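S.K.: Heads up: the protein sequence lines correspond to chains G and V, in order. In terms of my numbering, the first sequence has 65 at position 65, counting the first letter as 1, and numbering is strictly consecutive. In terms of my numbering, the second sequence has 60 at position 60, counting the first letter as 1, and numbering is strictly consecutive.
Just so you know, these hints were derived from the structure itself, not from any lab. Just so we're clear, the structure is a prediction, and the values are computed from it rather than from any experiment. Careful: at least some of the hints might be erroneous.
What the hints assert, rightly or not - The calculated lysine to aspartate or glutamate pairs, modelled on EDC-like cross-linking and capped at a C-alpha distance of 20 Å, are:
{"hint": "1", "chain 1": "V", "residue 1": "K140", "chain 2": "V", "residue 2": "E44"}
{"hint": "2", "chain 1": "G", "residue 1": "K30", "chain 2": "V", "residue 2": "E154"}
{"hint": "3", "chain 1": "G", "residue 1": "K26", "chain 2": "V", "residue 2": "E44"}
What the hints assert, rightly or not - Take a look, some chain V residues computed to stay more than 10 Å from chain G by CB distance:
{"hint": "4", "residue": "A82"}
{"hint": "5", "residue": "P101"}
{"hint": "6", "residue": "K125"}
{"hint": "7", "residue": "A145"}
{"hint": "8", "residue": "K152"}
Every residue, glycine too, gets a C-beta built ideally from N, C-alpha and C.
Chain by chain, the residues:
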Amino acid sequence: MDIDVSAIFQIAGIGIIIAMIHTLLKQMGKEEVAHWVTVIGFVVVLFMVVRLLNDLFQEIKTIFLFQ
Amino acid sequence: MLLKLIGASLILFAGTLIGFLQAARFADRPKQIRQLAGALQRLETEIVFGQTPLPDALQHTASNAGQPVGRLFQAVADELSAGEGRSFRECWDHAMRRAWPTTSMRAPELTVTLRLGSILGMSDKDDQLKHLRLAAVQLKAEEDAARDDQAKYEKMSRSLGLLLAVLVVILMV
């Protein structure tokens with residue numbers, strides 16, 4: 001449980017920082033770079049979520065298809 | 001835990017430092033372009049009124065200009081006095097290209113300077129004067145552009161360094 005909570009906080013932190021970088025770059029007129037940063041942040045978070053989902057499915061497997 | 005904390009603070013420190021260095025480059029560029037223009041003015045005086053031979057004129061300019069720009073002219077003067085039978089233009093090109101990374105200036109100023117180098121010492125003083133004036137005007141334009149860049153990017157790179165460091169720290173926790 002403890003690990004899960006820290007992962008959620010980590011994703012939230014990444015979101016906040018990426019949002020700040022995005023606004024900063026957009027303000028300075030570098031919109032393409034800002035969009036790339038957002039996309040990269042999204043992909044990183046997606047990887048983390050996929051790992052967590054993988055854990056979830058493993059858990060379900062061990063519960064319902066135990067052998 | 002303690003080790004993690006130390007590592008995180010080191011990354012934060014390094015990121016902030018990189019951001020500040022980048023900002024300092026943006027802040028130094030207009031200053032150094034102005035210095036370069038001043039040095040060329042000095043060289044113009046040496047050529048037009050003093051009619052000093054070019055190696056001596058470069059030496060005087062180098063000793064009078066401020067530091068990063070003085071090094072450029074010093075490098076040219078050194079290459080010239082080393083001899084080796086190369087033309088002034090080759091010496092100027094080579095020395096400028098070699099010493100350029102020690103300054104905060106970028107490619108457009110280098111182009112202006114190199115173009116000037118193909119003229120200096122090749123013709124009479126009126127022609128050289130004309131090209132020195134042209135270079136001064138071009139450098140002025142570059143200085144304005146550099147000042148715009150400074151207003152735009154100086155603060156941005158400062159906060160961007162810190163933000164990227166924070167991002168790396170969060171990713172690695």
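S.K.: Now look at each hint and say whether the structure bears it out.
M.R.: Going through the hints against the structure:
1. K140/V - E44/V: 16 Å, holds
2. K30/G - E154/V: Holds, at about 14 Å.
3. K26/G - E44/V: Distance ~44 Å between K26/G and E44/V Cα, so the pair is violated.
4. A82: 44 Å, holds
5. P101: Fine: 24 Å to the nearest Cβ keeps P101/V off the interface.
6. K125: 45 Å, holds
7. A145: With a cut-off of 10 Å, A145/V remains clear of chain G, as the shortest Cβ separation is near 14 Å.
8. K152: 6 Å, violated
Of the hints listed earlier, those the structure fails to meet are numbers 3 and 8, in rising order.
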